[in-house]
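Make the full structure from the sequences, and use the hints.
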Amino acid sequence: MNQNQTIPREIIKWLDSLDLAYSVRNVRRDLQNGFIVAEILSRYFPKEISIYSFDNGLKLEKKKDNWEQISKFLRKKEFILQRQEYEKIYNAAPDVALTFLSQLYEFLTRKQLQTDKKPKIKQDEEIPSYAKPTALTLARDRELVRIVDNDEKKMRTQVTIAMHNDQAREEKQDSNIIEYLVLKRRAQLEEQLRQEEEQMLERKRKYNQEQTQQPEVQEIQIKSFKSSTSKKNKEQQGQLMETKGILENLSEISGGLLKKEFVEKAIRDLKLDKKQSTLVQLFNRFDEIKYEKQDDPNVIEAFLIHFQSETCIENIVEQLNNNFLDFKKFFHLFLRVLEQSPDNSKQFLYCISLFKQVAQKLCEIDPQTLQMMFESILMKELVFIVKKFPTKREQIIDTFYYFCAQDSLSRLHLIKKIKELLNTDMATYLSILSVLVTQDYGDDFDGELYQLFSHFAFQSLYSSSPFMRTNCLKIINEILYYSYEPILAKMHKLQKLIFDDWWEVKAQILIITANLLLYIAQSQLELEQRSQKNSPKNDSQNMEEIKSIHSKDNNNNNNNNNNSQDQETIRQQQEYLMNITLGIFRTQVSENILRIGLIYLAPVLNHYPQLCDRYLDILLEIHDGFREIVLTTDPVPGMEEGQIVRGYASFNYKLSEAPIIWNSVGIAKSLDKYTKNNQLEQFQRVHLDILIGCLYKQMEDADAQTWMEIYENISTLIFDSLYFSELCYQASDILKKIFLFESIQKFVLNFSFDLFSQVLQQIFHPDVEEQCKENLLQFFQFLITQNDIFVGYIFDIIKLFSEQNKTIFLKSNLIEFMNDLAKDRRTKMFRIDYLPK
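Under numbering that gives the first Met the number 0, residues 0 to 836 are what the sequence shown spells out, in order.
Please keep in mind that the hints were generated in silico from the structure rather than gathered at the bench.
Note that the structure is predicted; figures quoted are calculated from it, not measured.
DSBU-like, lysine-lysine: derived pairs with alpha carbons at most 30 angstroms apart: (1) 264 with 289; (2) 289 with 273; (3) 345 with 259; (4) 345 with 264; (5) 345 with 355; (6) 360 with 386; (7) 379 with 418; (8) 736 with 696; (9) 735 with 805.
Quick look at the structure:
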């Protein structure tokens, strides 16, 4: 990922349509030598410009020569490219390459690039302070280093440093002013909230005093008193209606619910104060509510579900919009529930859901004000709960981005506010960052966010706290998705943690290496495809093309050398990461690590089959219950992920569905090798379960030969499993898959004929349990429903068995089944080319 700029989508589509030999991934780097620009021009002017006139090298003189040719050609087309401009491009100056590419796009396509999609140059004030260039960095800038004249270089350097110092002074003054204004505004808001609360309390106090006064008067005076004070009472009640807050509104819209029998019972049991808000007391004392039966309706859950109805959400949002006091009262109403409820309880999850729904609606109206209210009123309370109850961090922090606009600047501001709030508490800050980095950023994860997450992750990587180290690695693991090259360059820092004492540190490193291996494999595939595109044609080239290619032998040699260097670099990276992976993923480590490795290394096996043997060893060694979860392909909805250690503040990990993403053929080959090396005489349940996992995906025709060899080696063990009640169902499921694979079906039928004859003789022995015999019959019934070949095949197997073992056959459950097959044979003609020769 380019950390400074993003290529507009229109330009990406345009470049893809040109079918270039080299893809543009980093504009600043890829356009340096001008070769790709020349190739773009050759697509539009094939008769005027030849790609073979350009050198795809990295030497400075080659770059200059290429750009001089491009500049001369573009000048003929009335596109002026000055020497000062293309010098900046081949010297990799920031922002210049993408600006030029945008201009070239508009010139060649005659289309106007939309304003909001043109590259936006980042200003220094958007860069976090820790990432801003220092005076020394600016003095070493390549724009200054490339100047040959020492006097000019010295003068330009002095000017640059002077400008940097002036700008730094201005930024400091501006930041002080902004900080003063923010603090002043916050103080004003806090004072406003305090005054509004005091006014509301004073009005309620006066109103309650008036209602409690009961003067002793005669009957006629009572009537007179009521008539004379009715106007005053109405005025007081009207005043309260005008200042009615969110709590009163919630009570009104929940009027029907408050009259429910189970709610009234809770109110009576708690002996609530009638002068105070019933809702506030219920939510503050929710843990004191007693339920006689386990299935009694939960009072708090009932209110939370009611508040999430469409009508209630609309009323709540209308009242909270731009209302700081009601915003505070509404969200503070649920804080005790969030704090005291278990993180897997329904009332806790309903609270989180309500927060998200209300925040989402408010954000649609006025995201800036909403973010200000959240940061000044609610954020501190939620961060406190996260700090006190780490197991709730993922659900609570997941709500944060709902309270701000969905753009990188707003999110960056929120992250900075969290840092200001926590100050030096890096443990809590990193735990929050480790969750925020997992949110869906879409195309808004820019270079500044990447730098911020990366900076704090590597800064605390060697902390004495294992939880902080784990959080740092989690952040690194997530930013891999946006750009993996910077992380790969810093792997030596992570390597020091391979021997860490904490299991989750090793698990996170294992996930990082797995992801890096996948990204490198993808890069290798792209490199191979690029090499194939660049390889010369053999049969279809005419003589002129051959002469042209021979005249450019040097260019081809350079391309081949570059590809060879890239391949060698990738090979070294893969070997380095593989050694780290094998150092962690071994039977001697914690089963927690192995469970995670079995899932996150599963897709890696498709690109690195050499890992399959180690993977199978771990799969066989791990606890039966854990293995069953790993091999599950249809987990209960919502249970696909979970904590390895429940109740501990670890992350959620994917726990199942390995067969969906692993290398099925590779694992099956490893299992075949394992049976030979260990001279297995009988399969256990674990071996059949793994084999079923290998057959989960559709078997590919390209792997037909491999599957034939595997089946030939292990078929006896599969058929022998049909004799045992605890194994027979798994064995028949495996045989169904293999028998229906058309590419090897003829071989399987011929090879299995004698095995079936042996099975029938053994399985109908009196000592074999009935369910094994019934399972075999069901297997036969399944096969004959597939096609006519199986009908004749099964008929001949049973017929041979009945002739050789007449007494056993007459006592078996196959007689009626055989009679039905015989009836079908009278009306159909069967092929018999499946019989063994």
